[in-house]
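Build the full structure now, drawing on both the sequences and the hints.
Next come the chains, spelled out residue by residue.
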Amino acid sequence: ETGVTQTPRHLVMGMTNKKSLKCEQHLGHNAMYWYKQSAKKPLELMFVYSLEERVENNSVPSRFSPECPNSSHLFLHLHTLQPEDSALYLCASSQANGAINYGYTFGSGTRLTVV
Amino acid sequence: DAKTTQPNSMESNEEEPVHLPCNHSTISGTDYIHWYRQLPSQGPEYVIHGLTSNVNNRMASLAIAEDRKSSTLILHRATLRDAAVYYCILRGVYGGSQGNLIFGKGTKLSVKP
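So the sequence lines, in the order shown, correspond to chains A and B.
Quick note on our numbering: the first sequence kicks off at 1 and runs consecutively.
Quick note on our numbering: the second sequence kicks off at 116 and runs consecutively.
Be careful, since some hints might not be right.
Claimed, not checked - Below 25 angstroms or equal to it, Euclidean Cα-Cα: the simulated BS3-like pairs (lysine-lysine) are:
#  : chain 1 : residue 1 : chain 2 : residue 2
1  : B       : 184       : B       : 118
2  : B       : 220       : A       : 18
3  : B       : 118       : A       : 40
4  : A       : 41        : A       : 22
5  : B       : 118       : B       : 223
6  : B       : 220       : B       : 184
7  : B       : 220       : A       : 41
8  : B       : 223       : A       : 41
9  : B       : 223       : B       : 184
10 : A       : 22        : B       : 227
11 : B       : 227       : A       : 40
12 : B       : 118       : B       : 220
13 : A       : 19        : B       : 184
To be verified - Okay, the calculated bits of chain B under chain A, using three or more residues with CB under 8 angstroms as the criterion:
#  : region
14 : 152 to 164
15 : 192 to 200
What the hints assert, rightly or not - Label pairs and their computed distance ranges (CB to CB):
#  : chain 1 : residue 1 : chain 2 : residue 2 : range
16 : A       : 79        : B       : 181       : 19 to 29 angstroms
17 : B       : 182       : A       : 79        : 22 to 32 angstroms
18 : A       : 61        : B       : 212       : 33 to 43 angstroms
19 : A       : 79        : B       : 192       : 46 to 56 angstroms
20 : A       : 80        : B       : 191       : 42 to 52 angstroms
The hints are simulated quantities; they were obtained by calculation from the structure and are not laboratory data.
Note that the Cβ used here is the ideal one computed from N, Cα and C, for glycine as well.
Below you can see the structure in the form of structure tokens.
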């Protein structure tokens, strides 16, 4: 247990479904991140939230919609996904400070399969 | 963006030291060198980081070349649980987009009993 909890661990959804991935941390961190890890590809940074504000969206399609209601929780809302969106989705958190370099703590991920 | 170059894979024997190299010839003066590893079916975990001086912690040691253009992660006695993908990542010290953790392909370490 890393301190970052992701649910569900596995998710199978149809292309017309709407689902949400949840991430929760109680490490006192104030920055949270979504990453996507497809088979045989490096982890891709999708979204960055700092102090509950989205500060980066790395050209992610609009069918992925993040939400950060508070510094402990992060969601990724999914709708009208494609089979190529099947991947491991990882959440991470860190203590963000402009002049100090802190490590990230990752969750174990949600394995998403789009059918 | 500052980039790193790592071998795709390496093999080690159990209980022997492992030296994982990383080249980062375009590193800037404000880039930290971070190492993470990803065990099978898990998210990445922090291993170690440094700026100029060599660093030691309970997991590993980080040796940084004097010109900072390369570094080596040292596992002093590899165990089967150290089999993972190891990522060498440069992060800007002042945060913002340069401080984000951007992953490359890493080195897949196999440990033989």
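Here's how the hints hold up against the structure:
1. Restraint check: the Cα-Cα separation between residue 184 of chain B and residue 118 of chain B comes to about 11 angstroms, which is no more than 25 angstroms; the hinted pair holds.
2. Proximity of residue 220 of chain B to residue 18 of chain A is assessed by CA-CA distance (about 31 angstroms); at most 25 angstroms being required, the pair is judged violated.
3. The suggested pairing of residue 118 of chain B with residue 40 of chain A holds, with an alpha-carbon distance near 19 angstroms, which does not exceed 25 angstroms.
4. Annotation: proposed proximity of residue 41 of chain A to residue 22 of chain A holds, straight-line Cα distance about 23 angstroms (limit 25 angstroms).
5. For the hint pairing residue 118 of chain B with residue 223 of chain B, the CA-to-CA distance comes to about 18 angstroms; that is within 25 angstroms, so the pair holds.
6. Pair hint residue 220 of chain B plus residue 184 of chain B holds up; C-alpha atoms about 19 angstroms apart against a cutoff of 25 angstroms.
7. Using a Cα cut-off of 25 angstroms, the hinted pair residue 220 of chain B and residue 41 of chain A holds, with the two alpha carbons roughly 7 angstroms apart.
8. A hinted pair counts as satisfied when its Cα atoms are at most 25 angstroms apart, and residue 223 of chain B with residue 41 of chain A qualifies at roughly 13 angstroms.
9. For the hint pairing residue 223 of chain B with residue 184 of chain B, the CA-to-CA distance comes to about 22 angstroms; that is within 25 angstroms, so the pair holds.
10. For the suggested pair residue 22 of chain A and residue 227 of chain B, the alpha carbons sit about 37 angstroms apart, so the restraint of at most 25 angstroms is broken.
11. Straight-line distance between C-alpha atoms of residue 227 of chain B and residue 40 of chain A comes to about 23 angstroms, which keeps the hinted pair within the 25 angstroms bound.
12. For the proposed pair residue 118 of chain B and residue 220 of chain B, the alpha carbon gap of about 11 angstroms is at most 25 angstroms, so the pair holds.
13. For a cut-off of 25 angstroms, the pair hint linking residue 19 of chain A to residue 184 of chain B is broken: about 45 angstroms separates their Cα positions.
14. Interface restraint, the region 152 to 164 of chain B with chain A: holds (7 residues with C-beta to C-beta distance below 8 angstroms; minimum three).
15. Counting residues of the region 192 to 200 of chain B whose CB falls under 8 angstroms from any CB of chain A gives 0; the rule of at least 3 is not met.
16. With their beta carbons about 52 angstroms apart, residue 79 of chain A and residue 181 of chain B fall outside the hinted range of 19 to 29 angstroms.
17. Judged by the Cβ atoms, the range 22 to 32 angstroms given for residue 182 of chain B and residue 79 of chain A is violated: they are separated by roughly 50 angstroms.
18. Take residue 61 of chain A and residue 212 of chain B: their Cβ atoms lie about 20 angstroms apart, and the range 33 to 43 angstroms is violated.
19. The given range of 46 to 56 angstroms is respected by residue 79 of chain A and residue 192 of chain B, whose C-beta atoms sit roughly 49 angstroms from each other.
20. At about 50 angstroms, the CB distance of residue 80 of chain A to residue 191 of chain B agrees with the hint of 42 to 52 angstroms.
The structure is inconsistent with the numbered hints 2, 10, 13, 15, 16, 17, 18, although it conforms to all the rest.
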